[in-house]
Amino acid sequence: MSKKLYGPAPDQVPTNADLGTMAYQDYDAFIDGNVVSRPNLVVNGDFQVWQRSDNAYTGGNGYISVDRIKSTRGRIRKPNTNGNSGEDDRGCVLDCTDGSVFVHFDMFLEDKDQSLSGKKAVMSFEAKSAGASAEPGGWGLYIDDAGYTGFGGLDIGTSRSFTVVPTEWRKVVLYGTITYDGSGEYFRLPRWYVNPTGSSSTRMLQIDKLKVEIIESATDKPTPFVRRTYAEELRDCKRYYQQIGRDNVYEGRLMGLVNSGGTGIFQWQLETEMRAEPDVTVYGSNTAGGNFVFDTGEGTNSGNKTSLSFDGGNSKGKMFNVASFPSATQGSPCWCDMGTDSNHIGFTFNADY
Amino acid sequence: MTYKTLDRPDGTYSIVDESASLYIPANSANSSYQQVLDAIIAQGAAAFDGDIPADLQAAADAKLAAGLYQPDPHA
Numbered sequence: 077m078s079k080k081l082y083g084p085a086p087d088q089v090p091t092n093a094d095l096g097t098m099a100y101q102d103y104d105a106f107i108d109g110n111v112v113s114r115p116n117l118v119v120n121g122d123f124q125v126w127q128r129s130d131n132a133y134t135g136g137n138g139y140i141s142v143d144r145i146k147s148t149r150g151r152i153r154k155p156n157t158n159g160n161s162g163e164d165d166r167g168c169v170l171d172c173t174d175g176s177v178f179v180h181f182d183m184f185l186e187d188k189d190q191s192l193s194g195k196k197a198v199m200s201f202e203a204k205s206a207g208a209s210a211e212p213g214g215w216g217l218y219i220d221d222a223g224y225t226g227f228g229g230l231d232i233g234t235s236r237s238f239t240v241v242p243t244e245w246r247k248v249v250l251y252g253t254i255t256y257d258g259s260g261e262y263f264r265l266p267r268w269y270v271n272p273t274g275s276s277s278t279r280m281l282q283i284d285k286l287k288v289e290i291i292e293s294a295t296d297k298p299t300p301f302v303r304r305t306y307a308e309e310l311r312d313c314k315r316y317y318q319q320i321g322r323d324n325v326y327e328g329r330l331m332g333l334v335n336s337g338g339t340g341i342f343q344w345q346l347e348t349e350m351r352a353e354p355d356v357t358v359y360g361s362n363t364a365g366g367n368f369v370f371d372t373g374e375g376t377n378s379g380n381k382t383s384l385s386f387d388g389g390n391s392k393g394k395m396f397n398v399a400s401f402p403s404a405t406q407g408s409p410c411w412c413d414m415g416t417d418s419n420h421i422g423f424t425f426n427a428d429y
Numbered sequence: 010m011t012y013k014t015l016d017r018p019d020g021t022y023s024i025v026d027e028s029a030s031l032y033i034p035a036n037s038a039n040s041s042y043q044q045v046l047d048a049i050i051a052q053g054a055a056a057f058d059g060d061i062p063a064d065l066q067a068a069a070d071a072k073l074a075a076g077l078y079q080p081d082p083h084a
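From first to last, the protein sequence lines are chains A and B. In this text, residue positions in the first sequence follow our numbering: the first is 77, and each later residue adds one. In this text, residue positions in the second sequence follow our numbering: the first is 10, and each later residue adds one.
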């Protein structure tokens with residue numbers, strides 16, 4: 077093994093005394109195994125960001141709790157929630173115990189201009205069986221090489237099963253090629269299927285450290301997962317989902333102007349440019365008679381959330397109208413408070429796949 | 010759910026699901042827009058309050074013809 081000198085900076089000339097006492101250092105001792113971790117294509121790979129909820133179930137199909145994972149009729153939750161205990165406090169739990177129907181969980185990765193088409197990739201994650209009544213002998217986690225039409229997929233050739241056990245984390249590694257069928261600029265990872273038809277019907281999968289990396293050769297090994305800061309993960313997650321005023325917490329005052337006809341016009345600048353123009357859900361009371369107060373200074377307009385309509389925007393900002401302030405002067409300011417308790421409103425902006 | 014359209018200042022329109030207070034851009038990259046197309050394919054005119062815009066119906070027809078409509082196999 078070659079040795080590299082670790083000593084004075086190059087512009088310094090060591091003296092004989094230096095040379096006499098300086099040790100040659102093994103470079104491998106300073107850089108762990110000389111391994112440089114490849115970039116991770118996954119956002120929120122260790123599931124630090126849960127903007128929507130810490131623990132939620134859907135009987136439909138969508139994003140419900142942890143950022144970036146889509147569920148079909150499943151529960152996604154933080155460890156040790158929903159009445160469970162004793163789980164390792166990391167990663168997320170994909171839980172199929174509601175309704176005892178098997179469910180799948182998806183993640184879609186953005187690939188602008190399909191620039192990764194045809195690239196080899198390796199996907200890795202850690203998995204264990206979760207839940208207080210987990211099957212002691214473990215069970216077979218089914219990884220589905222699901223078909224894709226209109227977008228891309230990490231094609232692993234065939235579906236696989238891996239045994240997950242409650243006693244230890246096991247690393248799952250899958251090799252594949254990013255392949256497209258259609259014009260979509262995103263690809264789907266192989267699906268996690270969590271099947272409740274085992275002996276206990278309480279199967280829950282805990283996963284962590286999800287990583288997808290581009291490799292040159294099909295024999296390249298996956299490199300270690302590198303934890304990013306919460307700030308980095310949150311910023312990147314907001315490309316797909318943002319919310320304001322949804323959690324019954326006062327989050328400020330939104331300013332607008334009265335337009336012709338007494339309509340209040342508001343502009344909401346998104347926190348970061350999103351993947352595409354988001355859809356918007358308005359939160360707040362729907363009570364007739366009004367739980368929103370929009371104030372012009374010349375008077376107030378009490379309405380409910382149907383007084384408000386989002387009628388324009390793009391991936392950088394959205395605008396909405398409030399009807400109406402018939403006595404207000406055109407050009408005068410108007411405002412409303414953000415939050416979802418009475419007299420407040422909240423918005424979610426969704427550009428997930 | 011029943012959708013309707015809402016005109017935008019730029020001459021385009023948004024799609025609204027009033028029951029969910031949901032405002033959807035008429036943009037194929039938006040997943041809720043794709044769900045609107047799925048609803049048109051599955052329910053036809055019943056998916057909309059009023060006439061389905063011609064371009065939206067055409068987009069739904071194109072999605073179906075291209076084999077991109079994938080109803081949930083486990084529903």
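For the record, the hints were derived by calculation from the structure and aren't laboratory data. Among these hints, one or two may not hold up.
Using 20 Å as the maximum straight-line C-alpha spacing, the simulated SDA-like pairs for lysine to any residue come out as follows [as the list claims (entries may be wrong)]: (1) B:Lys72 <-> A:Ser259; (2) B:Lys72 <-> A:Phe227; (3) A:Lys392 <-> B:Arg17; (4) B:Lys72 <-> A:Asn390; (5) B:Lys13 <-> A:Asn397; (6) A:Lys188 <-> B:Ala38; (7) A:Lys195 <-> A:Thr299; (8) A:Lys188 <-> A:Lys297; (9) A:Lys297 <-> A:Ser385; (10) B:Lys13 <-> B:Ala75; (11) B:Lys13 <-> A:Ser383; (12) A:Lys195 <-> A:Arg303; (13) A:Lys188 <-> B:Asn36; (14) B:Lys13 <-> A:Met395; (15) A:Lys392 <-> B:Pro18; (16) A:Lys392 <-> B:Asp19; (17) B:Lys13 <-> B:Ile50; (18) B:Lys13 <-> A:Ala399; (19) B:Lys72 <-> A:Gly223; (20) A:Lys392 <-> B:Asn36; (21) A:Lys196 <-> A:Asp231; (22) A:Lys195 <-> A:Lys297; (23) A:Lys188 <-> B:Asp19; (24) A:Lys392 <-> B:Ala38; (25) B:Lys72 <-> A:Lys247; (26) A:Lys247 <-> A:Arg303; (27) A:Lys188 <-> B:Ser37; (28) B:Lys72 <-> A:Gly258; (29) A:Lys392 <-> B:Pro62; (30) B:Lys13 <-> B:Ala74; (31) A:Lys392 <-> B:Gly20; (32) B:Lys13 <-> A:Ser385.
Tested hints:
In summary, the hint linking Lys72 of chain B to Ser259 of chain A is supported, as the alpha carbons are separated by about 12 Å, within the 20 Å threshold. For a cut-off of 20 Å, the pair hint linking Lys72 of chain B to Phe227 of chain A stands: about 13 Å separates their Cα positions. Taking the CA atoms of Lys392 of chain A and Arg17 of chain B, the gap is about 16 Å. The hint holds against a cut of 20 Å. In summary, the hint linking Lys72 of chain B to Asn390 of chain A is not supported, as the alpha carbons are separated by about 23 Å, beyond the 20 Å threshold.
Among the hinted pairs, Lys13 of chain B with Asn397 of chain A is consistent with the structure: their alpha-carbon atoms are about 17 Å apart, no more than 20 Å. For the given pair, Lys188 of chain A sits about 12 Å from Ala38 of chain B by alpha-carbon distance, which is consistent with the 20 Å threshold. For the hint linking Lys195 of chain A to Thr299 of chain A, the alpha-carbon distance of about 17 Å falls within 20 Å, and the restraint holds. Taking the CA atoms of Lys188 of chain A and Lys297 of chain A, the gap is about 26 Å. The hint is violated against a cut of 20 Å.
Annotation: proposed proximity of Lys297 of chain A to Ser385 of chain A is violated, straight-line Cα distance about 51 Å (limit 20 Å). Taken as a hint, the Lys13 of chain B and Ala75 of chain B pair is broken in the structure, with Cα atoms around 25 Å apart against an allowance of 20 Å. Proposed proximity of Lys13 of chain B and Ser383 of chain A is supported: the alpha carbons are some 16 Å apart, at most 20 Å. For the given pair, Lys195 of chain A sits about 24 Å from Arg303 of chain A by alpha-carbon distance, which is inconsistent with the 20 Å threshold.
With a C-alpha separation of about 16 Å, the suggested pairing of Lys188 of chain A with Asn36 of chain B holds against the 20 Å cut-off. As the CA atoms of Lys13 of chain B and Met395 of chain A are separated by approximately 19 Å, the hinted pair is consistent with the 20 Å bound. Proposed proximity of Lys392 of chain A and Pro18 of chain B is supported: the alpha carbons are some 17 Å apart, at most 20 Å. Note on Lys392 of chain A and Asp19 of chain B: the hinted pairing holds, with a Cα-Cα distance of about 16 Å set against a maximum of 20 Å.
For a cut-off of 20 Å, the pair hint linking Lys13 of chain B to Ile50 of chain B stands: about 16 Å separates their Cα positions. In summary, the hint linking Lys13 of chain B to Ala399 of chain A is supported, as the alpha carbons are separated by about 18 Å, within the 20 Å threshold. Proximity of Lys72 of chain B to Gly223 of chain A is assessed by CA-CA distance (about 16 Å); at most 20 Å being required, the pair is judged to hold. Between Lys392 of chain A and Asn36 of chain B the alpha-carbon distance is near 14 Å, which keeps this suggested pair within the 20 Å criterion.
Note on Lys196 of chain A and Asp231 of chain A: the hinted pairing holds, with a Cα-Cα distance of about 9 Å set against a maximum of 20 Å. For a cut-off of 20 Å, the pair hint linking Lys195 of chain A to Lys297 of chain A stands: about 15 Å separates their Cα positions. Using a Cα cut-off of 20 Å, the hinted pair Lys188 of chain A and Asp19 of chain B is violated, with the two alpha carbons roughly 26 Å apart. Between Lys392 of chain A and Ala38 of chain B, the direct Cα distance comes to roughly 15 Å. Compliance with the 20 Å bound is thereby established for this hinted pair.
Of the pairs offered as hints, the one joining Lys72 of chain B and Lys247 of chain A is violated, with about 39 Å between alpha carbons and a cut-off of 20 Å exceeded. In summary, the hint linking Lys247 of chain A to Arg303 of chain A is supported, as the alpha carbons are separated by about 16 Å, within the 20 Å threshold. A hinted pair counts as satisfied when its Cα atoms are at most 20 Å apart, and Lys188 of chain A with Ser37 of chain B qualifies at roughly 15 Å. For the given pair, Lys72 of chain B sits about 11 Å from Gly258 of chain A by alpha-carbon distance, which is consistent with the 20 Å threshold.
Of the pairs offered as hints, the one joining Lys392 of chain A and Pro62 of chain B is violated, with about 26 Å between alpha carbons and a cut-off of 20 Å exceeded. Our distance criterion of 20 Å between C-alpha atoms is broken by Lys13 of chain B and Ala74 of chain B, whose separation comes to about 24 Å. The hinted pair formed by Lys392 of chain A and Gly20 of chain B meets the criterion: a straight-line CA distance of about 19 Å does not exceed 20 Å. Taken as a hint, the Lys13 of chain B and Ser385 of chain A pair is honoured in the structure, with Cα atoms around 12 Å apart against an allowance of 20 Å.
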